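Visitor: So you can see what is in the structure, the chains are spelled out below.
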Amino acid sequence: MTTIANLKDLMTRNLRSSGIVVAFVLIVAFFTALTDGLLLSPRNVSNLTQQYSYILILAIGMVIVIIGGHIDLSVGSVVALTGAVSAVLVIKGGAPWWVGVLAAIATGLLVGVWQGFWVAYVGIPAFIVTLAGMLLFRGLTYIVLDNVSLSPFPGEYSTIAQGFVNGLLGGYGYDTFTLLVFGLAVLGYAVAAYRNRRAKLSYNQDVEAMPLFVVKTVLVAAVVMWFAWQIATYRGLPVVLIILAALILAYSMITKHSIFGRHVYAIGGNLAAAQLSGVRVKRVNFLIFLNMGFLASIAGVVFSARSSSAQPGAGNMFELDAIAACFIGGAAVTGGVGTVVGAMVGGLIMAVMSNGMQLMGVDQSTQQVVKGLVLLLAVGYDIWNKKRSGARTA
Amino acid sequence: MSESTASPAYGDGPILEMRGITKTFPGVKALSDVNLSVDRGEIHAICGENGAGKSTLMKVLSGVHPHGTYDGEIVLDGTPATFRSINDSEARGVVIIHQELALVPYLSIAENIFLGNERRRAGRLVDWNSTNTEAAELLTRVGLAESPTQPVSTLGVGKQQLVEIAKALSKEVRLLILDEPTAALNDQDSEHLLDILRRLREEGVTCIIISHKLGEIAEIADRTTIIRDGQTIETIDMTDPDSTQDRIIRGMVGRSLDNRFPERTSVIGDEVLRVEDWTVHHPTQPGRVVVDKAALSVRAGEVVGIAGLMGAGRTELAMSVFGHSYGRDISGRVFVHGREVSVKDVPSAIDAGIAYVSEDRKQLGLNLIEDVRRNTSAAGLPQLSRAGWVNEHEELRVAEEYRESMGTRTPNVLVPVGKLSGGNQQKVALSKWIYTDPEVLILDEPTRGIDVGAKYEIYTLINKMVADGKAVLVISSELPELLGTCDRIYTLAAGRITGEVDVASATQEGLMSLMTQEADA
Numbered sequence: 001m002t003t004i005a006n007l008k009d010l011m012t013r014n015l016r017s018s019g020i021v022v023a024f025v026l027i028v029a030f031f032t033a034l035t036d037g038l039l040l041s042p043r044n045v046s047n048l049t050q051q052y053s054y055i056l057i058l059a060i061g062m063v064i065v066i067i068g069g070h071i072d073l074s075v076g077s078v079v080a081l082t083g084a085v086s087a088v089l090v091i092k093g094g095a096p097w098w099v100g101v102l103a104a105i106a107t108g109l110l111v112g113v114w115q116g117f118w119v120a121y122v123g124i125p126a127f128i129v130t131l132a133g134m135l136l137f138r139g140l141t142y143i144v145l146d147n148v149s150l151s152p153f154p155g156e157y158s159t160i161a162q163g164f165v166n167g168l169l170g171g172y173g174y175d176t177f178t179l180l181v182f183g184l185a186v187l188g189y190a191v192a193a194y195r196n197r198r199a200k201l202s203y204n205q206d207v208e209a210m211p212l213f214v215v216k217t218v219l220v221a222a223v224v225m226w227f228a229w230q231i232a233t234y235r236g237l238p239v240v241l242i243i244l245a246a247l248i249l250a251y252s253m254i255t256k257h258s259i260f261g262r263h264v265y266a267i268g269g270n271l272a273a274a275q276l277s278g279v280r281v282k283r284v285n286f287l288i289f290l291n292m293g294f295l296a297s298i299a300g301v302v303f304s305a306r307s308s309s310a311q312p313g314a315g316n317m318f319e320l321d322a323i324a325a326c327f328i329g330g331a332a333v334t335g336g337v338g339t340v341v342g343a344m345v346g347g348l349i350m351a352v353m354s355n356g357m358q359l360m361g362v363d364q365s366t367q368q369v370v371k372g373l374v375l376l377l378a379v380g381y382d383i384w385n386k387k388r389s390g391a392r393t394a
Numbered sequence: 001m002s003e004s005t006a007s008p009a010y011g012d013g014p015i016l017e018m019r020g021i022t023k024t025f026p027g028v029k030a031l032s033d034v035n036l037s038v039d040r041g042e043i044h045a046i047c048g049e050n051g052a053g054k055s056t057l058m059k060v061l062s063g064v065h066p067h068g069t070y071d072g073e074i075v076l077d078g079t080p081a082t083f084r085s086i087n088d089s090e091a092r093g094v095v096i097i098h099q100e101l102a103l104v105p106y107l108s109i110a111e112n113i114f115l116g117n118e119r120r121r122a123g124r125l126v127d128w129n130s131t132n133t134e135a136a137e138l139l140t141r142v143g144l145a146e147s148p149t150q151p152v153s154t155l156g157v158g159k160q161q162l163v164e165i166a167k168a169l170s171k172e173v174r175l176l177i178l179d180e181p182t183a184a185l186n187d188q189d190s191e192h193l194l195d196i197l198r199r200l201r202e203e204g205v206t207c208i209i210i211s212h213k214l215g216e217i218a219e220i221a222d223r224t225t226i227i228r229d230g231q232t233i234e235t236i237d238m239t240d241p242d243s244t245q246d247r248i249i250r251g252m253v254g255r256s257l258d259n260r261f262p263e264r265t266s267v268i269g270d271e272v273l274r275v276e277d278w279t280v281h282h283p284t285q286p287g288r289v290v291v292d293k294a295a296l297s298v299r300a301g302e303v304v305g306i307a308g309l310m311g312a313g314r315t316e317l318a319m320s321v322f323g324h325s326y327g328r329d330i331s332g333r334v335f336v337h338g339r340e341v342s343v344k345d346v347p348s349a350i351d352a353g354i355a356y357v358s359e360d361r362k363q364l365g366l367n368l369i370e371d372v373r374r375n376t377s378a379a380g381l382p383q384l385s386r387a388g389w390v391n392e393h394e395e396l397r398v399a400e401e402y403r404e405s406m407g408t409r410t411p412n413v414l415v416p417v418g419k420l421s422g423g424n425q426q427k428v429a430l431s432k433w434i435y436t437d438p439e440v441l442i443l444d445e446p447t448r449g450i451d452v453g454a455k456y457e458i459y460t461l462i463n464k465m466v467a468d469g470k471a472v473l474v475i476s477s478e479l480p481e482l483l484g485t486c487d488r489i490y491t492l493a494a495g496r497i498t499g500e501v502d503v504a505s506a507t508q509e510g511l512m513s514l515m516t517q518e519a520d521a
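Taken in sequence, the protein lines are chains A and R. Quick note on UniProt numbering: the first sequence kicks off at 1 and runs consecutively. Quick note on UniProt numbering: the second sequence kicks off at 1 and runs consecutively.
Each pair of labels, with its calculated beta carbon distance range: (1) Gly407/R - Asn196/A: 25 to 31 Å; (2) Gln383/R - Tyr121/A: 25 to 31 Å; (3) Met317/A - Ser130/R: 49 to 55 Å; (4) Tyr121/A - Thr140/R: 45 to 51 Å; (5) Leu135/A - Ser85/R: 45 to 51 Å; (6) Ser85/R - Tyr121/A: 41 to 47 Å; (7) Thr284/R - Leu135/A: 31 to 37 Å; (8) Tyr121/A - Glu340/R: 25 to 31 Å; (9) Ser85/R - Leu34/A: 55 to 61 Å; (10) Asp360/R - Val113/A: 34 to 40 Å; (11) Asp360/R - Leu180/A: 55 to 61 Å; (12) Leu359/A - Gln383/R: 51 to 57 Å; (13) Met317/A - Asp360/R: 38 to 44 Å.
Calculated directly from the structure, the hints in this document are not laboratory data. Just so we're clear, the structure is a prediction, and the values are computed from it rather than from any experiment. Ideal Cβ positions, reconstructed from N, Cα and C, are used throughout, including at glycine.
Taking the hints into account, I'd like the entire structure generated from these sequences.
Guide: Pasting the structure below:
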């Protein structure tokens with residue numbers, strides 16, 4: 001196959017997934033132009049990662065929930081509740097920072113057990129269970145905080161979301177450690193991609209032609225290293241970025257390569273067929289919500305650390321941003337389809353749009369209108385795409 | 001009300017004549033030159049195997065298949081009928097009651113009766129008084145002593161059937177078509193329903209009844225028309241002393257077995273699966289027994305068939321054995337290789353070495369949006385993984401291996417299963433279960449909806465499985481298929497095993513009479 005034909009084939013076959021990446025690049029270019037490059041300034045790039053990290057963390061859990069054919073409306077309230085529990089222990093009770101983190105995670109797991117029980121073992125639709133949870137956990141947040149905000153968290157705690165790893169290997173106007181970490185990651189990506197390509201070849205699968213493969217890999221490497229340079233010349237590697245990267249890596253592996261991940265796709269794709277294939281549907285559904293509770297607590301810790309406080313109204317509407325990220329990133333409303341990476345790109349599209357519009361001084365109301373339209377168009381495109389390709393009944 | 005006073009305005013010719021009806025679907029000729037003549041005020045039964053074309057014929061008559069999509073002529077009351085929808089046919093007094101009842105469970109009996117045909121006052125408002133009074137009158141006519149305001153969901157199937165009839169009467173029905181009305185009913189309810197039909201006949205309503213129960217037909221029908229392979233075989237006058245059940249059965253199955261099945265020499269070994277005293281109750285209707293003290297066994301290298309008509313409990317028997325996937329209050333024992341095993345859920349059934357390939361590939365068998373590779377591995381992930389992580393390279397290799405050995409036609413194994421043809425989808429479903437390396441494989445309608453060539457390939461695969469020493473249980477509506485592939489056949493009627501026949505001594509007629517045996521017979 002010629003490179004051109006190959007490229008065309010790749011584009012049409014992966015129109016959905018590559019379409020979203022193309023859209024992301026276009027949106028970045030658009031706002032960079034409109035903000036005179038401010039969007040891509042080192043300071044803003046660093047800020048952006050920190051400011052939207054908790055939405056991305058929520059989106060990781062949410063996309064698994066959505067692939068399984070459910071929804072979770074309660075995550076915003078769970079972010080608030082877990083942050084509040086932590087704040088009460090650390091700020092009010094003077095406990096060390098890690099006690100707060102562990103208590104928040106324990107709270108998140110309890111929430112997961114609670115919601116997982118009702119969804120999986122009682123059989124109440126997740127929409128109802130988590131709608132109830134949204135009210136329930138918000139109310140508990142008010143009770144835990146006694147209706148007042150708590151602040152500030154001690155320095156170590158805030159570091160989780162506000163800190164940087166800098167100067168570990170010395171710096172010369174740029175942080176060597178950051179560049180090294182990213183360099184290794186890019187190298188790892190290239191090696192993995194090459195090995196995957198070779199494995200596919202040995203099983204007679206279609207792969208893109210060598211020149212195209214090289215161009216693609218170099219392009220990805222260039223973009224990532226450029227990003228690394230931006231944050232290395234600012235204040236170094238944000239701690240939260242390390243957490244986020246670890247989570248993305250781990251959950252990409254889990255969704256793609258673990259039995260649990262496969263079962264989630266199977267349940268979302270055809271519940272009855274999954275059950276008749278020996279999938280323990282109840283257990284899988286329970287684990288999906290347990291995991292969502294866990295990730296919501298991580299997001300709760302990051303958010304409370306970032307704002308260095310716990311407020312009764314924290315995390316309001318986060319669930320909608322996380323859900324939107326998943327759908328923009330290609331998850332199907334009917335379940336069975338979606339990827340962690342897709343949800344991350346979807347989340348970044350939302351992040352860049354919000355951030356870009358803020359930099360331009362667009363008011364809040366217009367921002368909401370634009371975000372709403374983007375969500376609508378993304379899912380509309382998804383449905384149109386499915387109708388066109390036909391034979392895809394779910 | 002006598003017949004002559006009921007219909008003087010329409011003359012005395014037959015109420016309905018269907019002449020030369022031919023209906024083709026893409027690739028299939030469902031009806032070929034079918035003739036049906038129904039006299040005024042009679043109960044006319046239509047008999048035929050599953051898939052013979054009975055339901056298609058009734059859909060043509062009621063306008064579900066609109067005029068113009070079929071060839072031939074329908075004459076109703078002496079005037080040609082060109083129905084374009086159900087509304088058209090109902091306007092002329094032709095009402096069909098389908099096997100799956102079409103009532104809205106949370107609406108009241110009266111609301112259901114007049115749904116889409118509401119009693120009105122002041123133009124757009126529902127007249128509740130006349131709705132409920134008229135409903136009460138209709139209920140008396142069908143002998144149902146329930147309040148019209150009661151929700152339909154509180155009624156059993158038998159009573160719901162009567163509500164459907166009341167609904168038909170509200171439309172001033174003159175020709176009532178019932179598609180297997182008693183298939184889901186117990187004996188008492190069936191008897192009551194037949195009484196109502198007799199009473200309606202006295203009132204001048206003509207009835208067409210599709211039924212598999214020959215005893216019932218003998219009891220109620222004035223004439224019977226037999227349909228086979230989309231053609232009318234004959235119409236029998238039931239008062240004729242010659243109208244025996246044997247004659248009907250011969251008409252239903254009388255076709256020769258040609259060479260549609262691959263040769264196989266059976267090498268039969270030890271017993272692999274034995275089911276004893278297996279009783280299953282309906283999941284939502286308490287007290288209704290779907291499978292009644294069934295017992296069966298399958299040996300290594302043996303293909304055993306289960307024959308039964310629609311509603312006999314074939315799928316229910318198989319699915320309840322496969323990890324209690326159907327029904328409730330299940331009792332009985334299952335043995336694999338002589339050792340009693342637990343089949344309390346699907347994973348235990350799979351562990352015990354049982355595999356079940358569903359009759360409903362799209363709803364219950366495959367994940368259509370997922371690719372061939374992942375569907376092939378869906379039930380065998382434990383074999384493909386270590387510590388919960390799937391070995392993807394091995395998975396791909398397995399999928400390729402099965403694509404090749406099964407002869408699945410797909411460009412590669414990364415194509416979504418939904419894009420394959422029915423026959424190839426079935427091969428993927430088979431691959432998935434053969435990869436779990438089961439002791440016994442239950443195939444539920446393995447050739448439903450696939451073309452003749454693919455059927456032959458599926459039969460070849462069945463032969464290959466038993467040659468490998470597996471035990472295979474085949475459920476099929478097609479008797480020739482069972483006779484062509486099996487060593488032994490069980491017949492099932494109304495949830496009971498009514499016979500066990502060695503294929504050497506089995507005939508279609510013999511099987512059919514066992515399959516139509518009623519509880520009291």
